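Here are the chains, one letter per residue:
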Amino acid sequence: MNVDELVRDSLREQAAEQPALGPGFADRVLTVRRRRRTRALASAATATAAVVAIAVAVPLLNIGNDDARLASRTNRNGILAHPDQTPPRDMIAAGDLALGAYYTWETDAHGAAVRAYRILDPKTGTYVKTSKWSVVDIAPGLRTAAVLERNLPAKRIGLLDLRTGEVERWIPVDRGVASVEFSPDGSKLLATTYGKNPQLRVKSRSDTDGDGEGDWESPPGKPSSRTGFYILDVASGKGSWSEVTDVGRGGGPEDCVFNHDGRLVYCGTTSSPFRQYYDFAGDEVAAPANEVQAERYRGVGLSPDGKLFGGLSGGTMSKSYTKTHTELLDAYTGKKVTTVPGRQLLAWVDNKRLIALDLTPGPGSDGSVSRLVLVTIGSDKVVPLSGITKGFDGAAGYWTPVFAER
Amino acid sequence: MDAEAQENFRDFVESRSSALLKTAVLLSGGDRHAGEDLLQNALIKAAGRWHRIEEPEAYVRQILYRQQVSRWRLKWPRRELSVPEPLENPARHGTDDGPGAADLRIVMRAALARLTARQRTVLVLRYFEDLPEADVARILGCSVGTVRSTTHRSLARLRELAPELAALGPADAEHQPSRDYSTVEVRP
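Order-wise, the sequence lines are chains Y and B.
So the first sequence is numbered by the UniProt record's numbering: it starts at 1 and just counts up by one.
So the second sequence is numbered by the UniProt record's numbering: it starts at 1 and just counts up by one.
Just so you know, the hints here were simulated from the structure itself, not pulled from any lab data.
Predicted model only: the values in this text are computed from it and were never measured.
Glycine included, every Cβ here is placed at the ideal spot set by N, Cα and C.
Hints should not be assumed to be uniformly reliable.
Computed beta-carbon distance windows for the label pairs [stated by the list, open to error]: (1) Y/Ala-281 to B/Ala-156: 41 to 47 Å; (2) B/Ala-166 to Y/Gln-85: 30 to 36 Å; (3) Y/Pro-304 to B/Asp-2: 44 to 50 Å; (4) Y/Gly-165 to B/Ala-5: 24 to 30 Å.
The list that follows gives simulated cross-link-like pairs (lysine to aspartate or glutamate, DMTMM-like), each with its CA atoms no further than 20 Å apart [stated by the list, open to error]: (5) Y/Lys-123 to B/Asp-11; (6) Y/Lys-132 to Y/Glu-149; (7) Y/Lys-123 to B/Glu-4; (8) Y/Lys-123 to B/Glu-129; (9) Y/Lys-352 to B/Asp-11; (10) Y/Lys-381 to B/Glu-4.
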């Protein structure tokens, strides 16, 4: 390791440890500004008696011409939108949440369905295609991604430097893993272990996107080969594996994921409530009080303040008219609080805004096509973030987003 | 500021203040309170020009960088920092051959906190924000040679402050010493 690498790691670690500012910081700023202006006006009135006035040159910062932070440029509301692009070429973001990567499904040389990822290059703010990885998760800060190679289950986890596109370190694992996820603070990795590749897909008889070929889908009826999960420390690569005996509902991947605050892990189970929580030692524990209700849904998780979660969707869809909405429920009672526009809520931007998949009237088989939108609680306003996909598979341009905190 | 601009400002602060605070705390050498002060002052300045700002985040960041260097020039009293100490157990944190990675990062933090504000600002811009030298020079209003020499001297100073770093390889910047050793000139 070089000195500059250590400087970089130390700065990132220190930055990651900073808790978020509490609500009301903007009001605090505005209040202090008002007080200072009041004081300045009072001083100016007193100074009228002064004989000499001193002009103070206020520096005008040459902001508009600087392009130093291309990847982080935002408009006034912290939104980076490209409603003309699908799949997106340029960075999409809202608030602290960015589209860190996305994938489409492609067919490899053996006829198997594989993911083709486009990963954000933070230097240029564009998405770069790669065929190397079967799983990608982006760490908070958009600097590092955890990647798994093509052949799943994989026996090592790569830490990819997004600026160079190179794997800077490999973390070897004894048991094969087929999913990997960063903890909310980016300090840990959760990797689910499988006996067989859970991404394998087969062609079904149904053709929902109308492209004349059967849809790719997970093998029906087969139990998952999930065996457990690793919790690994990103800095040291060390950690532990815990067995999970329940194989989940089967069919496709049954990845274990971090809970809302990243202190526990939960894995899908075959029976109600369809989730089992574990601590990092692998011991079964009860669900946190504000996550019990959310167990019944597979929608977007808890809001950042832990008070709301996404419920069922509804709406009216036809070839000429489409209006969809999704419920938001109280995390403790499970009761409906409100609804927001959008067919499927994907991720919380902050406590008021979410990124959703919205359906718009179009030529899809159900009369609709989809795009990423930003929705706000208490508002019917929908802000398009991406262009409109033509259908629901890779051939038709459908892509699956991977979000990360920037 | 009218009501709409205030709402707009609140939206911006709510969505970007946590990310901006990270930079502000690093510029302040890890002092959370100083970082909040720095960010607050930068946002107050931005609020005063809100109608005329095209890129609020770039504007606030630039104020952060320049304000921090100006603050150092004013020789503001510095608060004592609590920096975690490296642990003693070599089995967990290192070997007989030297300290472990976690220990080195703690040592590095302490050393970073003892740099001058201008040295730390250049390192934050180069290694945290990952900006090329030309962009750092433009932001700080100095020459590329000055950025290069300040980076070089800052890394050398870190080695002086923390002898534990002796075992580490030289950074790229240390391979390319600049001939330009002029004082950093920062526009006020």
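- request: May I ask which of the numbered hints given earlier this structure violates, with the numbers listed in increasing order?
  value: 2, 3, 4, 5, 7
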